[in-house]
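**Student:** With the hints as constraints, model all of the structure from the sequences given.
Spelled out from the first residue to the last, the chains are:
Number of protein chains: 4
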Amino acid sequence: MSRYPEPTLAEVADWWTTGVTRIAPGEVEHRGVPVADIIGERDLVSAMYFLVLGEWPCTAHRDLLEAALVGSMDHGPQAPSIAVARMAATCGIGINNAMASAVNTLGDSHGGAAQQCVELLNDVVGYAEREGVTIDDATEVVVAIWRERSPYLPGFGHRFHPIDPRRGPLLGLVEAAVADRHVAGRHLTAALRVEAILAAQRTPVPMNIDGATAVIYAELGIAPELSRGFFVLSRSIGILAHAWEERSGGRRNKGPMPPAILPTYRPSAPIPDVSAPPAAP
Amino acid sequence: MSRYPEPTLAEVADWWTTGVTRIAPGEVEHRGVPVADIIGERDLVSAMYFLVLGEWPCTAHRDLLEAALVGSMDHGPQAPSIAVARMAATCGIGINNAMASAVNTLGDSHGGAAQQCVELLNDVVGYAEREGVTIDDATEVVVAIWRERSPYLPGFGHRFHPIDPRRGPLLGLVEAAVADRHVAGRHLTAALRVEAILAAQRTPVPMNIDGATAVIYAELGIAPELSRGFFVLSRSIGILAHAWEERSGGRRNKGPMPPAILPTYRPSAPIPDVSAPPAAP
Amino acid sequence: MSRYPEPTLAEVADWWTTGVTRIAPGEVEHRGVPVADIIGERDLVSAMYFLVLGEWPCTAHRDLLEAALVGSMDHGPQAPSIAVARMAATCGIGINNAMASAVNTLGDSHGGAAQQCVELLNDVVGYAEREGVTIDDATEVVVAIWRERSPYLPGFGHRFHPIDPRRGPLLGLVEAAVADRHVAGRHLTAALRVEAILAAQRTPVPMNIDGATAVIYAELGIAPELSRGFFVLSRSIGILAHAWEERSGGRRNKGPMPPAILPTYRPSAPIPDVSAPPAAP
Amino acid sequence: MSRYPEPTLAEVADWWTTGVTRIAPGEVEHRGVPVADIIGERDLVSAMYFLVLGEWPCTAHRDLLEAALVGSMDHGPQAPSIAVARMAATCGIGINNAMASAVNTLGDSHGGAAQQCVELLNDVVGYAEREGVTIDDATEVVVAIWRERSPYLPGFGHRFHPIDPRRGPLLGLVEAAVADRHVAGRHLTAALRVEAILAAQRTPVPMNIDGATAVIYAELGIAPELSRGFFVLSRSIGILAHAWEERSGGRRNKGPMPPAILPTYRPSAPIPDVSAPPAAP
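Residue numbers (our numbering), protein chains in the order written: chain A, 455 to 735; chain B, 455 to 735; chain C, 455 to 735; chain D, 455 to 735.
It is possible that some hints are incorrect.
Stretches of chain A that chain D covers, calculated by requiring three or more beta carbons in the stretch to come under 8 Å of a beta carbon on chain D [said to hold, decoys possible]:
| id | stretch |
| --- | --- |
| 1 | 483-490 |
| 2 | 521-528 |
| 3 | 668-682 |
With the C-beta cut set under 10 Å, the calculated list includes, among others, these residues of chain C facing chain D [stated by the list, open to error]:
| id | residue |
| --- | --- |
| 4 | ALA464 |
| 5 | ASP468 |
| 6 | THR471 |
| 7 | VAL595 |
| 8 | ALA598 |
| 9 | PRO710 |
| 10 | MET711 |
| 11 | PRO717 |
These aren't lab readings, by the way, just hints derived from the structure by calculation.
Glycine is no exception: its CB is placed at the ideal position from the N, C-alpha and C atoms.
**Tutor:** This is the structure in C-alpha cells:
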C-alpha cells in the first residue's frame, strides 16, 4: 500500500538519531559525558558550547563567547522582539509563550545581522586564502561585491547610536585574544577594514553590536546560522526580563500605544485585478 | 538627545496607519464598510478576500478561492505541522499556542511550495507577455531556467501520492472558470505544460496540491507570498482539528514515538576547530 | 533496559491514530469522505465544521458559525495580536511566522473571553436543567457565583465601545434561528439576562463581540475551548490582512512607537532577597 | 470621539516605561549600569540574574542558579519540545523560528513542573512560618491539601527514570550551600520531606529534575513563574543543539515517524449534537 519498504522498529528509533543526548533509565549523558560530571563542574557557557558544538571550549574561547552573549542581551522596548514580549505577556498566556512570540521575531532583519556579518567576514577570509592576498585587499574586493547587492553591510551602522557602546568592549576582548594567540584575528582585521572603508565615506557607519559579536562568532569558527542561534539564547534573557517586568505590572491586553490614541485610518486603493479575463476575440 | 526631530501625537497615530479597519466608539468598519453590513450578509471567503485584498470577489473568483482553501485543509499527522500541533496540544498550553507552534512550521519547505509555484507560473506568463511568445514556448524556457537552480520544481511531484487526488477536482474547477471566461487560463496552461514536460521524463511527477492551488492563486492574481498566507488560513483548520482531537484524548507530553522506543544515540564527530590560531612564524 | 514492554510497529502507527484524515497513495479522505467529494462541493465553513466536529452542519447552523467567524476577523492595530503581526512582519521572517507570533497572543485575556463566556452560559443552562428552574432564575444564581470570583463577566463590557456594533447583527441572527427552531435559544436567553442584570447597575456593560459570538458557539453546542479555536481561525484572517499590509509597506524592524520616542526609563527597586539565610541561633 | 482624555507625548513614552534598559545615543545601560561595565566583567549567569532580578547575585547564589540551568538543558528527542525543534528545523524556517516553536511547548505539563513545585515548596514554608510549626510538620499538611487536588505532586516521579541522575548532584550543591549558610535550606527540607512521604508508599516516586531545580529556585527566592522563565532559558540551549544537529542533516519536512509508517486511521463518532432545538410543545 505504501511506496516504501516495510520498516523495522530499529528504523523508527533511527529516525530520531541524535548525538546530543543519550538517556537510559537512571542515566542522562550529553555527548558521552554523564550529566553528573557536568552539573556543578562546568559553567553555563562551556556547557552550552559543548552541548551545541560537541567539544569543550578553551577558557579564552569560552570568555569570548560569554562576552558576546552578555553584550547582546537587551536593547529595550523599541526593538520589536521586546515590544512583542511585553505585549504578549499581558495576553493571558504562559511566560514561555510570550518568550516564543518574541524569539520568533528575531528574523533576517532583526536577529540576522550577526549571522550575515559572519558570512561577510568568512567571505573575506575565504577569498584571502583562496587568492593568496592580504585580508585588507580581500576586504576591498568582497565589500565591493556585497555592495552591488545592497548598499547596507550587515553589522555596520545603527539607526540610533552614532557609536555603539558595545563595540569597543567586545573588540577589545578580541584584540587581547589575538595578542595572546587564542584566535587568529583575521575576521577582526576584516571587520576593522570594512569599518575603515565605510569611514572614508561621507557618513561613517561604525560597527554595531551585530558586527562586534559577529567578529567573535567568526573568530570562534561558529557557522553563520548557528551564530544567530547563540544570539537567540542571549536575547532570550532580555526577552524574559521584559516579559517578567510587564507581567509584574499587571496590565491586560497592552496595545502598542496608550488606548486614547487610535491608529490613523487611511483607505488604500483596492488591489488591481490582474486576473481579468482576456477580451473576447 | 535623539537623532530625530521632536514627534507629534499625530505621528504616533500615523505610525500605526492602516486601511484595513477603522474603529470609533460604537463603530467598526472594514475598508470603509460598516461591520454590520458584512455580518450575516457576506460569506466567510468573500469577507476574507475583501479584508485582505480590499475588494469584493465576483462569485466565480470566490468559488475558486474557496476550493483552494477547502482542498488544502489537512493531510494528516505525518506532516510536521500537524504532528507539532498534536504534540503541542498535550503540553499544557492554550489551543491558540498549539496552533501557533504548528503554523510556525509552514515555512519555505513545508508551506512554501504553493508560493514558489505561483512565482514559477507568473514567471512563465510574464515571459510570454514580454517576449510575445506562446505560454507553451515560454514554459519551456522558464522551466529550463528554474531547473538550473534546482532539479525540483515547486508544486510538482509528491513523495507519497503517485497522483494527488486533489489535483483533478481543483484543475477541473479552473478549467470550467476558463471556459466561462472568469479567469484567463494562462497560468493553468503554464502549469499543464510544466506537467507535460515532466511527464516526458523517465519518472513523471504530476502536479500536487501545492501546484493545483498555485494555479488558482495565480489565476486570481494573488501575490506569491500572500498565497502562502491563504494556505496558512486553510491549513490552520486541519491544525485545529488535530489539536482538538489530541486534546480530547487527554495524553500529556506526547513525544514523537511510543515512550518504549528510545531515539538511537550515535556520537557525532566534534565540530572541527576552524578557529585555531596560526602557527608561530 | 526500558521500563516498557517491547513495542510493535503497529503500536508506532497507533501512536498517531487519528479520525480526521486517512491517506493512502492516491487517496485523501477526511472523516471517511474522499477529498474529491468535498472540493468544489462544500463551502469552507461547512468543510471546517465537518473536519473539526465530524458531522456536516445544517444550513442554519452553518450560517450562524459563518456570522461568528465573519464578525470577529479584526479590530485594528490597538489589539496586541494585530500589533504583533505587523511588527513581526517587518523582521525578516516568513508570513506564516508573523501570523504564528500573533496567533500565539490570543490567550486567556485576549482571545479567551468567548471561551469563558461559553462556560458561563453553559453553567446557566446546566444549572437550569439540573435544578428545574427558568433560565432567568438560573442566570441570577450563576452570575452571583461568578462575580464572587471576579467583578468582570467575560463577554460583557468593552473598554472602547459603549455599544459593540457587532452585538446587534449577531444576536439578530440568533434570534431568527431561535424563531425558526434551528437552535434552542437557552444560551441566548441567558446572555440577555446577564446583560439585563448588568444594565441595572450604575454603569451598564452591554454584551461585546466575545459575548455575542459565545452565544452562537454555545447554541451550536461547541465546547468552550473549541470556541477559542474557531475564534483563532477568524482572527487569523485579520492577522493576515495586517501582516500583508505592513509587508507591502516595506518598513524594517518596526517598533511600537516612532523611533524618535524613547521608552521612559524608571529604575525599579531590586527584588527583595527573600532567600536570606536565617540569623545564627 | 474617544472615551479617553487627550494624551500627551510623555504618556506615549511612559506607556513603554521600563527599568531594565536605558538607551541614549551612544549609551546602553542595564538597570543603571553601563553595558561596558558588564561586558567582559561579568559572567553570563550573573548578568542574567542582574538583568532579570535587578541585583547582582553573590557567588554562592550564582553557582546554584548556574547548576540549575546546566542541569536542565536537554533530555533528548522524546521530549515534545525537542521533537518540535527538530521537525520545525526541517521546514524551511529560520533557526529562531524553530526555537520559538519549541519554546512555545514548554507549557504547564512540559515546562511547568518546576514552577508548580516552587509553589508547593513555598506553600510549605509559608505554612510553617504562619503556623509556627516545623517544616516537616508543615509538609505533611500541605502535601495532604495538594493531593486532594491531584494524586501527582509536581517535581516528583519520572515516567522514564527510576532515579533521576540529575537529582543527586543538584541537591548536593544545595546541601553544601545550606551548610555554608548561603541559603536557608527550608525549601530543601520541605522537598526531602515530600520525597520521604512518597517513599513510604507502595511505589516510591523520587524527586526529578523539575523538583531538584525547584529547590534551587525556591531557595533563591525566585518567583514560581519566573522559575519557568529560567527553565526556558536553559532548555533553549538543548533546543538549539537539536535544531542545529537536525539542520546539519539536511532532511526536509521531517514527520514524526519514518514515512513508510502511516498513522492509524480510526473513525471517531460524530460529536453529539447538543444543540438540538426543543421538541415542539
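**Student:** None of the hints should be skipped; say for each whether it holds.
**Tutor:** Hints and how they fare:
1. 483-490: holds (count 4)
2. 521-528: n = 6 at 8 Å, threshold three: holds.
3. 668-682: Coverage by chain D holds for the stretch 668-682 of chain A (3 residues, Cβ < 8 Å).
4. ALA464: holds, 8 Å
5. ASP468: holds, 5 Å
6. THR471: Since the shortest Cβ distance to chain D is 4 Å, the answer is holds.
7. VAL595: violated, 22 Å
8. ALA598: Hint violated; ALA598/C Cβ to chain D Cβ min 25 Å, cut 10 Å.
9. PRO710: Check passed: Cβ of PRO710/C comes within 6 Å of chain D, closer than 10 Å.
10. MET711: Since the shortest Cβ distance to chain D is 6 Å, the answer is holds.
11. PRO717: Holds, because the Cβ-Cβ distance from PRO717/C to chain D comes to roughly 4 Å (cut-off 10 Å).
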